[in-house]
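Visitor: Using the sequences plus the hints, can you model the full thing?
Which chain is which? The protein sequence lines are F and Y, in order. Using the working numbering, you'd call the opening residue of the first sequence number 5 and step up by one each time. Using the working numbering, you'd call the opening residue of the second sequence number 47 and step up by one each time.
By construction, these hints were calculated from the structure, which means they are not laboratory data. Just so you know, nobody snuck in bad clues.
DSBU-like mimics (lysine-lysine), calculated; alpha carbons at most 30 Å apart, straight line:
1) Y:140 / Y:209
2) Y:632 / Y:677
3) Y:659 / Y:677
4) Y:231 / Y:778
5) Y:646 / Y:631
6) Y:519 / Y:509
7) Y:98 / F:161
8) Y:628 / Y:677
9) Y:778 / F:49
10) F:60 / F:158
11) F:90 / Y:98
12) Y:560 / F:90
13) Y:231 / Y:209
14) F:7 / Y:209
15) Y:628 / Y:646
16) F:158 / Y:729
17) F:158 / Y:98
18) Y:632 / Y:659
19) F:49 / Y:209
20) Y:729 / F:125
21) Y:519 / Y:391
22) Y:524 / Y:514
23) Y:140 / Y:165
24) Y:659 / Y:628
25) Y:509 / Y:98
26) Y:514 / Y:729
27) Y:646 / Y:627
Negatives, chain Y to chain F, calculated, CB over 12 Å:
28) 140
29) 146
30) 212
31) 560
32) 776
33) 838
Virtual Cβ for every residue (Gly too), placed ideally from N, Cα, C.
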Amino acid sequence: MSKELPISLRVNGQLQRFFAPAHWTLLEVLRYRLNLTGSKQGCDKGDCGACTVLVKGKPVLSCLALIGQIAQDDVLTIEGLAQPTKLHPVQDAFDECGALQCGFCQSGMMMSAVALLEENKEPTVQEINEALGGNLCRCTGYTKIIEAVQVAAKTLKEEDVSGETL
Amino acid sequence: MSTKVRGEGPVDSRERTTVVNQGRAEAQWDIEEDRSVRAEISSPPGGGIIGKGLRKVEGASKAIGRAIYADDITRPGMLHGKILRSPHAHARIKGIDVSDALALEGVEAVITGADLPGKYGIIPWTHDETALAQEKVLFVGDEVAAVAAIDEDTANAALRLIKVEYEVLEAIYDPQEALANADNKINEFAKRGNITKRVALDFGDVDAALEASACVVEEDYFFCGNTHAPIEPHCTVAEFEPRSRNGQGQLTVWSSTQIPHYLHRELSRVLGLSPSRVRVIQPVLGGAFGGKSDPFSLEFCAAKLAMTTGRPVKFLFTREEVFYAHRGRHPMEMKFEVGCDNMGKIKGVRSQILIDGGAYASYGLVTAYYSGQLLTGPYHFPNYAFDSTRVYTNKPPCGPKRGHGSVQPRFAFEVALDEVATQLGIDPVEIRRLNYQGESTQTVNGQRITSNGFDMCLDSVEKASDWKKRHGKLPRGKGLGIVGSMYISGTNYPIYPNTMPQAAIQLQLDRSGKVTVFTGASDIGQGSDSVVAYIVCEELGCELEDVRVVAADTDLCPVDLGAYSSRVTFMIGNACIDAAKKLRKKIQEAVGEFWELPPKQVALAGGFALHIKDTGRSIPLREAFQLAESKFGTLGSVGSYNTPKLGGDYRGGTIGASPAYSFTAHVAEVDVDEETGIIEVNKIWVAHDCGRALNPVLVEGQMEGSAYMGFAEAFMEEHVFYEEGIPAGLHKGPSLLDYRIPTSEDTPELEALIVESFDPEGPYGAKEAGEGPLHPSIPAIANAVYDAVGIRLRRMPFSPSSVLRLLNEQEG
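Guide: Below is the structure:
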């Protein structure tokens with residue numbers, strides 16, 4: 005049994021205080037301590053991207069981030085994206101466009117897409133491909149995912165114009 | 047033929063084009079005696095749902111990360127299991143000592159082969175594996191012992207304390223060697239040497255046909271092994287509840303399986319529990335592609351350890367273990383002879399195929415058949431013979447990967463056919479058009495073809511790719527290739543012989559206006575839960591949000607045989623229509639009585655019951671359900687589907703017999719860099735005859751995903767092993783970094799072109815879309831490379847070095 009560290013972490017806007025083994029990754033903490041199972045473990049070594057979450061707004065492979073490295077930071081997971089009664093435009097577009105087949109890679113994929121659209125309001129197909137290049141999908145051939153990101157970009161832009169918040 | 051643009055795509059620039067068969071559906075009824083029944087089944091009643099790009103029923107739960115996959119399940123007091131695997135490719139187990147492992151604090155139980163001696167296998171005739179090795183291990187990664195402990199770290203530590211004494215045996219990795227070394231038996235189950243199955247079938251007189259051919263291409267082809275690599279690793283949670291002092295207790299297994307029914311049967315058999323005491327639940331599944339359609343060691347180990355410890359046990363494979371579980375694409379060495387007359391008409395085809403099976407049979411008996419049986423379309427073969435042999439080798443077992451058994455010979459045949467076209471000076475699209483077998487016909491091996499939109503598929507890709515203007519006319523280094531294919535929509539041969547339905551549905555309506563669908567079908571991401579919901583909405587007029595789908599739970603749902611052989615939409619769709627029609631009739635009758643109208647004048651659509659002649663007269667569907675509940679009592683119905691009797695009248699004639707076949711054509715466009723040998727695929731046009739697109743967005747998703755997977759196999763994926771040195775038999779790259787699968791940046795543009803031929807027996811005319819569209823990807827790329835630089839790629843994968851070698855030979 006390795007030593008447990010006291011951790012305080014803001015996850016999806018909420019401050020969480022708990023103990024976790026020092027060798028645990030952020031993914032293990034999310035899944036096994038906080039019961040936030042939306043972030044997936046596909047490889048546990050940073051190859052597939054299914055565990056992608058945002059730390060301080062940047063996409064991070066949570067299976068490679070030791071919990072001690074990101075303590076005190078703001079973490080956003082797929083569970084923190086939607087409003088209580090409304091999907092985030094990225095989630096809504098993925099659902100609408102048929103980008104969600106088995107869905108296993110998609111929470112990581114959507115988090116990468118959210119990070120992209122925060123920085124780039126009108127990404128080209130090439131830019132979308134690059135931004136999602138670290139997230140493997142085995143079902144879709146990526147076609148519907150790229151469409152979904154384009155649709156989400158459009159919705160976000162419209163919401164921006166109309167002054168609506170996410 | 048007409049082309050129609052359907053709806054508005056989600057992106058402005060995008061048009062969805064669907065080629066629709068006109069005036070064909072009528073002709074098809076003639077081939078079946080009970081056509082009136084089928085005609086009725088094949089037309090949607092007007093609920094306005096079929097053909098729309100609706101969302102999936104579980105889409106929102108996946109979008110918010112709340113869908114529960116197997117590894118998301120935690121049970122009170124749950125233990126974690128791990129499997130000890132063999133470091134040797136072929137060895138006899140002389141002894142196992144688990145005492146140190148058992149003594150480790152936190153370890154609750156350790157089991158070995160002696161605890162799970164029951165033999166199993168997906169095919170009842172080839173029970174050749176056990177959950178844990180009995181006397182021998184047959185590949186690096188074969189399962190030896192299993193541990194249940196309080197956490198994964200403790201379980202892993204316990205594995206290191208298990209002492210196994212091995213007597214290392216000579217391993218065989220090459221299928222030719224396996225064939226030649228009959229005395230070095232790999233799997234004791236084999237009756238003759240190392241052969242799992244040999245199938246040799248002869249139709250017509252191939253010798254005479256080839257003799258009489260104006261052009262015969264005879265070549266060797268090689269298709270390398272590759273694996274499914276679903277992003278979700280296999281995971282199982284098992285829990286055992288002792289019920290009473292004398293009772294057997296009840297076992298519940300949540301598993302990432304695409305065959306809950308077969309798993310249920312095998313668990314019950316191997317563990318010696320009555321099937322009524324075993325419950326298998328398939329949670330949301332994170333991809334499968336055939337890779338989760340066998341019973342796996344972790345399922346038996348989790349169950350056994352749950353029974354031993356009395357506590358729930360979870361096993362989650364590491365990514366490395368997924369590569370050992372494998373059951374992926376069989377490597378095949380293929381010799382093909384294709385003979386045509388001087389016009390390009392096929393006269394005879396012969397193949398000889400050696401199939402590298404790995405250590406266990408899995409679906410191998412079927413693979414041997416499928417490698418020959420599924421080639422007899424979309425072209426007419428007047429004479430055909432195949433001789434396929436599957437052998438055991440000391441490698442992870444191969445099995446069914448998307449397009450099971452038929453992707454490999456399709457590659458070989460389509461490259462050979464292209465070569466015939468070149469030799470005869472015929473346009474490759476025209477040789478395929480010329481040999482199109484047509485609809486309402488029978489193949490040389492006795493398979494019944496009903497609908498067949500292959501001609502429309504060819505038209506579609508030819509037009510979309512501007513083939514006539516560009517093929518053979520692009521600058522050197524650029525090329526186009528075309529290929530056609532056929533695949534089954536389910537098979538009439540259930541895995542264990544029985545005459546019960548292959549698919550079944552139970553519906554429950556209640557006075558709240560809600561409809562619950564109980565289906566045994568496995569949604570593996572392809573959307574089967576949604577398909578049954580769409581059908582219920584179409585038939586009963588309800589809205590999608592008022593339908594709940596309870597699926598793939600053997601305690602709650604009627605049996606469905608599983609997500610394999612592209613059977614789901616066709617079979618569960620028909621079962622669902624059957625069940626829904628019965629309820630529809632009752633509701634129409636009750637509302638008709640209330641309105642004093644004939645039931646037929648009551649329409650159900652958009653959440654209302656309406657008078658078809660008077661649009662002002664309507665009641666919410668909820669009230670219609672209440673009227674029906676008052677009249678008939680509690681409302682429910684069942685529906686089922688079984689295939690008609692099909693297949694050729696010879697041994698094996700039913701294997702590959704399907705109630706309907708789907709057809710596909712691809713055009714691939716490539717750039718070949720002659721300096722580096724790198725092939726870049728710019729675009730693949732995919733036209734697929736899915737019968738009818740119940741939801742075009744889901745159909746496109748299957749077509750795009752298939753084309754992507756074929757592309758991936760052609761270039762990047764190779765399941766290979768060290769054959770020498772200390773780690774002999776070890777997988778060369780059991781990770782998603784070393785086993786490269788395409789990212790969004792690698793994947794070419796894919797354009798899905800839906801073709802609808804309205805199958806007379808499919809649900810509203812639908813056929814499969816999930817596997818067929820993979821087949822042409824690989825040969826289409828090979829044929830495009832020929833068009834670009836004049837070399838024939840006959841061995842996979844298409845690596846830069848193989849391209850350069852062929853280019854050098856060309857210069858020489």
